[in-house]
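J.: Just need the whole structure built from these sequences, with the hints factored in.
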Amino acid sequence: MSPLTRRAALFGACACCALATRRAVAASDFVEIAPGMVFRRGVDEQASVANADAIANTGFIVGAESVAVIDPGGSLADGQALRAAIAARTTRPVRFVVLSHVHPDHIFGAAAFTEGAPKIVGHARLPAALATRGEYYRRHLAELLGAEAAGPVVTPNLLVADTHTLDLGDRRLTLRAHRPAHTDTDLTLFDERTGTLIAADLLFIGRVPSFDGDLKGWLAELDALAAIRAARVVPGHGPVTTDWPAAAADLRRYLSLLLTETRAAIAAGVPIEQAATRVAASERGRWALFDDYNPRNVLTAYHQLEWE
Amino acid sequence: MIPRRDLPLLLLGGALVAARPAWADDDEDKRAARWKEVREAIFGDRAIGDGTSVVGLDAPPRAEDAALVPVALLVKDPARVSGVYLVIDGNPGPLAAHVHFGALADPRRLTLRVRVDQYTDMHAVAETRDGALLAVSHFIKAAGGCSTPMGSQLDASLADAGFMRLRLIGPVAPGQPVQALLMVRHPNFNGMQMDPVTRNYTPARFIQTVDIGFEGQPVLRLDSDISLASDPAIGFGFTPPKAGKLTVAVRDSSGAAWHEAFDVAPLS
Ligand SMILES: [Zn+2]
Numbered sequence: 000m001s002p003l004t005r006r007a008a009l010f011g012a013c014a015c016c017a018l019a020t021r022r023a024v025a026a027s028d029f030v031e032i033a034p035g036m037v038f039r040r041g042v043d044e045q046a047s048v049a050n051a052d053a054i055a056n057t058g059f060i061v062g063a064e065s066v067a068v069i070d071p072g073g074s075l076a077d078g079q080a081l082r083a084a085i086a087a088r089t090t091r092p093v094r095f096v097v098l099s100h101v102h103p104d105h106i107f108g109a110a111a112f113t114e115g116a117p118k119i120v121g122h123a124r125l126p127a128a129l130a131t132r133g134e135y136y137r138r139h140l141a142e143l144l145g146a147e148a149a150g151p152v153v154t155p156n157l158l159v160a161d162t163h164t165l166d167l168g169d170r171r172l173t174l175r176a177h178r179p180a181h182t183d184t185d186l187t188l189f190d191e192r193t194g195t196l197i198a199a200d201l202l203f204i205g206r207v208p209s210f211d212g213d214l215k216g217w218l219a220e221l222d223a224l225a226a227i228r229a230a231r232v233v234p235g236h237g238p239v240t241t242d243w244p245a246a247a248a249d250l251r252r253y254l255s256l257l258l259t260e261t262r263a264a265i266a267a268g269v270p271i272e273q274a275a276t277r278v279a280a281s282e283r284g285r286w287a288l289f290d291d292y293n294p295r296n297v298l299t300a301y302h303q304l305e306w307e
Numbered sequence: 000m001i002p003r004r005d006l007p008l009l010l011l012g013g014a015l016v017a018a019r020p021a022w023a024d025d026d027e028d029k030r031a032a033r034w035k036e037v038r039e040a041i042f043g044d045r046a047i048g049d050g051t052s053v054v055g056l057d058a059p060p061r062a063e064d065a066a067l068v069p070v071a072l073l074v075k076d077p078a079r080v081s082g083v084y085l086v087i088d089g090n091p092g093p094l095a096a097h098v099h100f101g102a103l104a105d106p107r108r109l110t111l112r113v114r115v116d117q118y119t120d121m122h123a124v125a126e127t128r129d130g131a132l133l134a135v136s137h138f139i140k141a142a143g144g145c146s147t148p149m150g151s152q153l154d155a156s157l158a159d160a161g162f163m164r165l166r167l168i169g170p171v172a173p174g175q176p177v178q179a180l181l182m183v184r185h186p187n188f189n190g191m192q193m194d195p196v197t198r199n200y201t202p203a204r205f206i207q208t209v210d211i212g213f214e215g216q217p218v219l220r221l222d223s224d225i226s227l228a229s230d231p232a233i234g235f236g237f238t239p240p241k242a243g244k245l246t247v248a249v250r251d252s253s254g255a256a257w258h259e260a261f262d263v264a265p266l267s
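If you read the sequences in order, they're chains P and Z. Numbering that gives the first Met the number 0 numbers the first residue of the first sequence as 0 and each following residue consecutively. Numbering that gives the first Met the number 0 numbers the first residue of the second sequence as 0 and each following residue consecutively.
Simulated from the structure, these hints should not be mistaken for lab results. Computed from a predicted structure; not experimentally measured. Treat the hints loosely; a few may be bogus.
Taking lysine to any residue pairs in the SDA-like style, the calculated list, with each CA pair at most 20 Å apart, reads [stated by the list, open to error]:
#1 P:118 <-> P:166
#2 P:215 <-> Z:154
#3 P:215 <-> Z:156
T.: The structure is reproduced here in structure tokens:
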């Protein structure tokens with residue numbers, strides 16, 4: 000038995016001890032950032048048994064008649080913690096579970112919300128992305144957390160190709176489907192009542208971004224989002240509420256540098272493996288998890304930009 | 000305490016690069032047994048000696064992206080070596096590439112981008128002109144590179160399959176070696192990626208041969224298999240005796256073939 004499976008088995012057999020030493024999520028982690036709008040910040044870490052993949056921001060919005068979940072969390076266990084946080088605040092039913100994009104740290108909690116059969120909302124391209132990657136993600140998450148804590152893949156049944164409005168009673172949420180940016184399945188939301196933009200992973204704060212969508216596309220979508228007048232923004236990673244569009248400054252600087260330095264490396268004939276260690280190196284120290292993601296971001300950018 | 004690098008890392012970049020998946024094999028005896036098996040399948044009972052003074056293998060200790068791992072095959076004794084094999088022991092289809100050098104090749108540095116499916120030894124095996132095999136090895140931590148779903152470039156790779164580009168790195172002068180990067184648009188399906196619409200595995204369709212020549216003289220021939228990353232990029236050196244055309248012929252496993260010619264002229 001490998002150390003990993005031993006540890007995963009331990010987690011499965013004695014979740015209470017693991018949670019006692021370091022609880023993945025506590026009720027107090029959920030913060031009401033605006034009336035009827037509650038979010039929890041994910042930890043700036045890689046997924047682990049200790050954090051149950053609760054590494055992305057998750058939350059919910061309460062309307063007069065129903066509740067919308069915006070990113071159900073990184074594992075079934077994470078989704079269950081979110082469900083408990085909702086139950087502690089309202090008896091209104093969860094009618095919508097929004098999956099902001101295909102990445103596992105945002106969506107594997109969806110299986111915690113089967114009761115009442117809420118609409119599972121996603122980008123029009125999300126079913127295809129989940130068909131290719133869902134099982135792959137699930138298998139790796141299950142290897143880490145155990146199959147039960149990881150949860151199954153949940154496929155959206157309300158698809159957004161352009162824009163769509165969810166009605167929670169007296170509260171309307173406008174969803175917007177983006178062109179390839181962070182991924183090719185990115186959705187953002189706008190809560191009209193509080194003027195809050197929920198940018199999901201089109202906005203990273205403090206924790207280095209990752210991407211497998213389109214680098215130039217992401218910068219373009221950021222420009223479009225910056226035109227939205229919002230009282231506050233909720234990023235996919237980082238502090239759950241901050242000012243918009245000022246909060247995008249660091250991300251824009253990083254992505255722009257990734258673009259220009261990768262292009263320069265290609266033009267100068269710098270091989271891809273050397274580019275991976277050099278490009279955007281000046282950003283090290285400004286971001287959590289920089290060395291875990293930056294080299295990979297450079298490889299992806301290089302592969303995209305060398306065909307320009 | 001388990002070192003952090005030895006826990007699977009759930010990378011957001013679309014792929015989960017498990018740094019230590021359940022199927023990982025970092026047991027040295029098992030790796031040696033695997034190499035014996037693979038070696039016999041590829042080279043039969045031919046002896047393989049220590050290649051340290053003849054050949055080198057430059058690859059990262061840990062893959063940042065298991066579906067795009069840059070690898071360099073280094074030939075330290077070009078006069079002695081006629082070709083070099085890249086073997087990724089733990090991959091399905093371990094023989095990733097066999098390069099046969101032609102008269103105009105500069106074999107000192109050849110680069111490829113490969114997929115690596117699990118923790119594994121990789122081997123560079125040089126074949127000398129008198130028929131000896133000499134190898135060096137490199138252990139790499141990577142996982143899932145062969146089944147990783149393809150990224151957002153898949154559409155472009157499919158639409159433009161066979162489209163080629165050549166980058167010359169450094170100045171060109173007659174009789175002087177120059178490094179070049181040949182890029183070929185091709186998804187290089189290995190039969191282990193799932194199709195989003197049909198939910199079946201996309202049938203394998205990958206580049207099998209790349210023939211590079213210069214004005215009718217051979218530079219190199221690459222025989223490859225499912226381990227090359229999508230949109231293969233092959234870095235190689237060659238010595239153009241004069242201005243002329245570098246010709247490339249690419250053939251994939253479906254029988255499709257593409258031909259291209261690139262002008263190589265000294266900068267004046
Ligand atoms: Zn993401």
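J.: Now tell me if each hint is right for this structure.
T.: Checked hints:
Straight-line distance between C-alpha atoms of residue 118 (chain P) and residue 166 (chain P) comes to about 12 Å, which keeps the hinted pair within the 20 Å bound. For the given pair, residue 215 (chain P) sits about 17 Å from residue 154 (chain Z) by alpha-carbon distance, which is consistent with the 20 Å threshold. This hinted pair checks out: residue 215 (chain P) and residue 156 (chain Z) have alpha carbons roughly 18 Å apart, not beyond 20 Å.
Checked against the numbered hints given earlier, this structure breaks none of them.
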